[in-house]
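Participant: Sequence:
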Amino acid sequence: MSNNAQEAGVFSILPEEHRQQFRLLELPPDLLAILLTSSDPQSLLFKSASESIPGTPSETEAVICTPDATYNIRQVNTSNSLYICQPSAAAASQERNGREREPPGLQAIAQNDFTLQLSRAGPTSAAPYLKALLPTYASTGSYQTKDLLTKQQLFDNIPLSEAECAISWQDLACFESPEPKSCFLPSPSARAQAWKSILDLAVANRADMTAPLSPQQVILILDPNEEWPVELGRAVLGSVSNMDGDDVVVNADKCVVTIGLLQLAVARKLRRTLGLRVFLAEWKDALPEAWRAQAEMSKLPRTEYVISEGRQIKAAEPIDAEAAATKADTKKRKWHDKFRASKKTA
9 MSNNAQEAGV
19 FSILPEEHRQ
29 QFRLLELPPD
39 LLAILLTSSD
49 PQSLLFKSAS
59 ESIPGTPSET
69 EAVICTPDAT
79 YNIRQVNTSN
89 SLYICQPSAA
99 AASQERNGRE
109 REPPGLQAIA
119 QNDFTLQLSR
129 AGPTSAAPYL
139 KALLPTYAST
149 GSYQTKDLLT
159 KQQLFDNIPL
169 SEAECAISWQ
179 DLACFESPEP
189 KSCFLPSPSA
199 RAQAWKSILD
209 LAVANRADMT
219 APLSPQQVIL
229 ILDPNEEWPV
239 ELGRAVLGSV
249 SNMDGDDVVV
259 NADKCVVTIG
269 LLQLAVARKL
279 RRTLGLRVFL
289 AEWKDALPEA
299 WRAQAEMSKL
309 PRTEYVISEG
319 RQIKAAEPID
329 AEAAATKADT
339 KKRKWHDKFR
349 ASKKTA
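When you line the sequence shown up against our numbering, it's residues 9 to 354, in that order.
Mixed in with the good hints there might be a few duds.
Stated by the list, open to error - Taking lysine to aspartate or glutamate and the EDC-like style, the derived pairs with C-alpha atoms no more than 20 Å apart in a straight line are: (1) 55 / 170; (2) 322 / 293; (3) 139 / 184; (4) 159 / 59.
What the hints assert, rightly or not - The following label-pair restraints were derived from C-beta to C-beta distances: (5) 50 / 125: 15 to 23 Å; (6) 293 / 154: 27 to 35 Å; (7) 120 / 278: 54 to 62 Å; (8) 144 / 175: 14 to 22 Å; (9) 283 / 155: 36 to 44 Å; (10) 178 / 87: 42 to 50 Å; (11) 311 / 144: 21 to 29 Å; (12) 318 / 125: 50 to 58 Å; (13) 284 / 171: 33 to 41 Å; (14) 252 / 213: 14 to 22 Å; (15) 90 / 51: 24 to 32 Å; (16) 314 / 154: 28 to 36 Å; (17) 20 / 171: 43 to 51 Å; (18) 204 / 160: 27 to 35 Å.
I should point out that these hints are in silico values taken from the structure, not numbers from a laboratory.
For every residue, glycine included, the Cβ atom is placed at its ideal position computed from N, Cα and C.
Modelling step: build the complete structure from the supplied sequences, incorporating the hints.
Facilitator: In structure tokens:
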């Protein structure tokens, strides 16, 4: 009969200055199920914003992303210390040197007093990040002086999943140009002019914008000889359409609303105040003939415009997100400080 007391090994703890740094990550059941049952293993990306972006939530400082979902990270203190152990160095040395085997020992090489918990983030738009990081491409072909980023570099700097980034990328008609190799955010005027060109070429080539567009028709309505890159026209068309196999289908509801908001954005940029009838007429003129009757003020979010008693309409002023974010973030720490282990004083 064995003697458990004699076989028991020695447990030791490394001095604090020699301990390794570990972080324990607690996965929620839905994410754990994906990792364990998916036939196509997914990578988890640890992401953070490259800079502070006004108008974005503070909890997105550090996140973990799957291809289509974002998880916020929260540090939770535990009531008990948790040690990470490995066989002691002495026991391993004896085994390698063929010495008489002594009871195995364990040595704690790290200590954790907290865990990192993940929670599924709610729907979040990547638009504030894209607007802050991308140079604006003007209708004249000029663009702001900002760091030139590829699409992959851009998405890597946004603390959201790639799918969430792609939605805002499409909605804002962002595009990647081969020369210079960079991504751009088109100005409202550039988008409006590109859209007008698409409509004009569709009429000239007898392409029905209210029906599915074949790849050949898409080539015809995206004139590469214009004063802007063909990628801009393709992005503007993509911002109001969906793919159906190889065909492009312009979404009527999305097109009507997007073009109406675009007209307001152009007016805001030019500081124009329009009569309501004039605005509606310009809006209708920017739509395919079959959809003109759908240009109604009830289609636009009421927060996007202001109508005076004299029936004058102008775009609503954007909220000063930077001032609001500054006030909310006065006590906020950087993400790498947030998860740094605290030193205990004796």
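Participant: None of the hints should be skipped; say for each whether it holds.
Facilitator: Hints, verified against the model:
Taking the CA atoms of residue 55 and residue 170, the gap is near 11 Å; set against the 20 Å cutoff, the hint holds. A C-alpha spacing of about 18 Å is found between residue 322 and residue 293, which places the hinted pair at or below 20 Å, so the restraint holds. Our distance criterion of 20 Å between C-alpha atoms is met by residue 139 and residue 184, whose separation comes to about 14 Å. For the hint pairing residue 159 with residue 59, the CA-to-CA distance comes to about 17 Å; that is within 20 Å, so the pair holds.
Our hint of 15 to 23 Å for residue 50 and residue 125 holds, since their Cβ atoms are close to 20 Å apart. Judged by the Cβ atoms, the range 27 to 35 Å given for residue 293 and residue 154 holds: they are separated by roughly 34 Å. The supplied range of 54 to 62 Å is met by residue 120 and residue 278, whose beta-carbon atoms lie about 58 Å from each other. Checking the proposed 14 to 22 Å range against residue 144 and residue 175 shows it holds: the Cβ atoms sit about 20 Å from each other.
Taking the beta carbon of each, residue 283 and residue 155 are about 42 Å apart, inside 36 to 44 Å as hinted. Checked against the hint of 42 to 50 Å, the pair residue 178 and residue 87 passes, with Cβ atoms roughly 47 Å apart. Separated by about 23 Å at the C-beta atoms, residue 311 and residue 144 satisfy the suggested range of 21 to 29 Å. At roughly 55 Å, the beta-carbon separation of residue 318 and residue 125 lies within the given 50 to 58 Å, and the hint holds.
Restraint check, residue 284 to residue 171: a C-beta distance of roughly 38 Å satisfies the suggested window 33 to 41 Å. Take residue 252 and residue 213: their Cβ atoms lie about 20 Å apart, and the range 14 to 22 Å holds. Evaluation of the 24 to 32 Å hint for residue 90 and residue 51 yields a pass: the beta carbon distance comes to about 26 Å. The hint said 28 to 36 Å for the Cβ distance between residue 314 and residue 154, and at roughly 31 Å that hint holds.
Checked against the hint of 43 to 51 Å, the pair residue 20 and residue 171 passes, with Cβ atoms roughly 48 Å apart. For residue 204 and residue 160, the hinted distance range of 27 to 35 Å is satisfied, since their beta carbons lie about 31 Å from each other.
Hint check: no violations occur; every hint is consistent with the structure.
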